[in-house]
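Undergrad: Chains A and B are the protein sequences, given in the same order. Position 133, counted from 1, in the first sequence is what the UniProt record's numbering calls 133; the numbers after and before it change by one each time, with no gaps. Position 383, counted from 1, in the second sequence is what the UniProt record's numbering calls 383; the numbers after and before it change by one each time, with no gaps.
Honestly, the hints are just simulated from the structure, not real lab data. Just so you know, these numbers come straight off a predicted model, no measurement behind them. Keep in mind that the hints are not guaranteed to be accurate.
Stated by the list, open to error - Pairwise CB distance ranges (calculated):
1. B:D72 / A:V47: 52 to 62 Å
2. B:P172 / A:S163: 22 to 32 Å
3. A:A88 / B:S97: 25 to 35 Å
4. A:S356 / B:T177: 45 to 55 Å
5. A:Q170 / B:D165: 49 to 59 Å
6. B:T16 / A:S163: 19 to 29 Å
Even for Gly, the Cβ is constructed at its ideal location relative to N, Cα and C.
There are 2 protein chains.
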Amino acid sequence: MSVVAKLEECRAQIRTELDSVVDFWLRHSHDAVHGGFFTCLGREGAVYDELKYVWLQGRQVWMYCRLYRTVDRFRKPEILEAAKSGGAFLRKFARVSSTSGQWKCAFCLTRDGKAVKIQRTIFSECFYIMAMDELSRVTGDKDAQLEAEQMMKQLIHWVRVDSSDLGRPQLPGDVPTNSMAVPMMLLCLVQQLTEGRGQEMALKYRELGSWCVKQILQHIQRDGTAVLENVSLDGAELSGCQGRLQNPGHALEAGWFLMQYSAEWGDEELQRTAINKFVELPFQNGWDKEHGGLFYFLDVDGHCPTQLEWSMKLWWPHCEALIAFLMAYSQTKKPELLESFSQVYKYTFSHFPDESGEWFGYLTQEGKVALDFKGGPFKGFFHVPRCLYMCERILDDLLANKA
Amino acid sequence: MSVVAKLEECRAQIRTELDSVVDFWLRHSHDAVHGGFFTCLGREGAVYDELKYVWLQGRQVWMYCRLYRTVDRFRKPEILEAAKSGGAFLRKFARVSSTSGQWKCAFCLTRDGKAVKIQRTIFSECFYIMAMDELSRVTGDKDAQLEAEQMMKQLIHWVRVDSSDLGRPQLPGDVPTNSMAVPMMLLCLVQQLTEGRGQEMALKYRELGSWCVKQILQHIQRDGTAVLENVSLDGAELSGCQGRLQNPGHALEAGWFLMQYSAEWGDEELQRTAINKFVELPFQNGWDKEHGGLFYFLDVDGHCPTQLEWSMKLWWPHCEALIAFLMAYSQTKKPELLESFSQVYKYTFSHFPDESGEWFGYLTQEGKVALDFKGGPFKGFFHVPRCLYMCERILDDLLANKA
């Protein structure tokens, strides 16, 4: 089969899959009574828990808005309405005031919006910002955009100036760490807030974006042979399990964030680094040669990770790998990158999708479904549709230029 | 084979196994430089991480002291010295002062004792108390006993009067819960602090002990057909996943705590409830009919639990099941209880022990070793030796009376 024919086949499958996934969440996840989304959905879509996780509320608002705004066939009133309802729910309930008068977002809410849990991290706020910014783009609501920027300012303060208001006690043994999730999320937010908003906005976040890239690149360790999840603030390897931890899916996600950034700023060296170190390397190190699929966690020295789920195959690393390889191919046209994309594609489409709609999230090392729900506390309307959406767009571009 | 011959064979294997397990930790876990214990030990015993988890430090002190005090062949200077060193490490480093002037214990320390993390729960303190009380029994150190009692007083305040000093914000959606771990741990501590210490001490904690029992019994739900891990403060079922969660190993552990209590107070009704509801029932509900072994978590309505490790077979539920069934048999002499003991025994001894010493901790649902280390952040010198020790003592009693 020619490359074009192959990519066309892929695109057709991806389009169908995206339609089916969107349909699943439209049918099963909307709370018509209190607004917002149910995300704990069983195999067939039945709600098995009514808690509302703020990460997932924010992500679903973002994803609906993004689809509505950029894909013609999803420009439907019910998608817009659902996004608005989710946004209203977040604005009404997600922010809980902290002692210092700053806004902290809850991690988890009851069905009717009462805070259940607050994490002492920045991620609920990150997804709140993504939701508000993207919402403002479809509704034209300037307040939502302003709110996103205000929250972003606070986030930057927590990350770069003083994290004490997050409520974590400063402990002498708790060495400050550069954990990859933080600069990755910030870089993603920089891209979100600035996209298509002109020079002034680009300038406002330019230094932050370049700081994020530097922070991410610090995770290349061991003479360039591994990406480690946690390093010291000055980019040295940390001791123990924490220091040796690899999270291949996370590295791959960082890879396509970096490729996007390198394309935006025309930075070819960064593009090469992104592809070599954050796409090819974690794939080499993280792919299970025996059973296929990407491991969740690995120890760079080959010790057994202490995370009980280390050898499981999760849906999202495979989603990130698909985006990363397809984007890398589209930027370079190197056939070996398309080969790797195909390898991940084959594993992914033969293991995760289910005839009842949406994908399974959690497989055993051997590839058997270990948890059969479609949504849970950490699996919502995000990684699967974002992957399918991104891949469809990249394929559209490739095929428009005949691959 | 006669029952006596069978039990004798069991006892011989258990004794050998206990000797080997004690030997493993004596050889590999002692930190001769800073005191305390390494607990992250690989398959052969090599240290793969130097962090010191306070739960495991306290448990190892307790276990060494208990063995030294009550089993002749373990009355060895090196065991006493190791216990003392662990106790000194704990007293020097585990307590970190909190804002309100109360003592809070850290969850995790660096090798040289600097606090890395504090949990907003009571469990580090629980194991600190166990360690101090048992240590005072072998050393005669009254200060250690006093410290245990002072910490206990504070614990009771946190649990029964006001938990705000644990540092968890009071959130409107965070309904106060009776989580089984709390009354279980307190009951265990009541037994620890009062054992053999006479009338006055027994009286001091009598009301607390009986409160703990009532709290534990509240977890019998669904018309007596299930033990649920979390219930409301007035003993009603909670909604959602949290409310439907079953943890069979935990229920079995509660079972033998209750049996011990019922024996101490001559409460036959409680003994029956303990055996029916906390031993036989969780075994029925929690045993994997297909692959053998006890599930880690189950949902009482048959939904898939959201814990990624729900179907794994962990060492400690099997340890608790062995103690529970053997104790139930020794209290009742009912042959079916010995049958169940044998069933668990067979699975346990054919899956968890390893020729390099100590047991594996984490198997897949199918019984394959999923994590091959012998000690980790939650696996130390505790469940395996406590199980072997308890079983050996019960078997000694049974065989002294010719079963």
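Undergrad: Each of the hints needs a verdict: does it hold here or not?
TA: These are the hints, each one checked on the structure:
1. B:D72 / A:V47: 52 to 62 Å: holds, 59 Å
2. B:P172 / A:S163: 22 to 32 Å: This hint holds: roughly 26 Å between Cβ atoms.
3. A:A88 / B:S97: 25 to 35 Å: At 44 Å between Cβs, range violated.
4. A:S356 / B:T177: 45 to 55 Å: This hint is violated: roughly 33 Å between Cβ atoms.
5. A:Q170 / B:D165: 49 to 59 Å: violated, 18 Å
6. B:T16 / A:S163: 19 to 29 Å: violated, 52 Å
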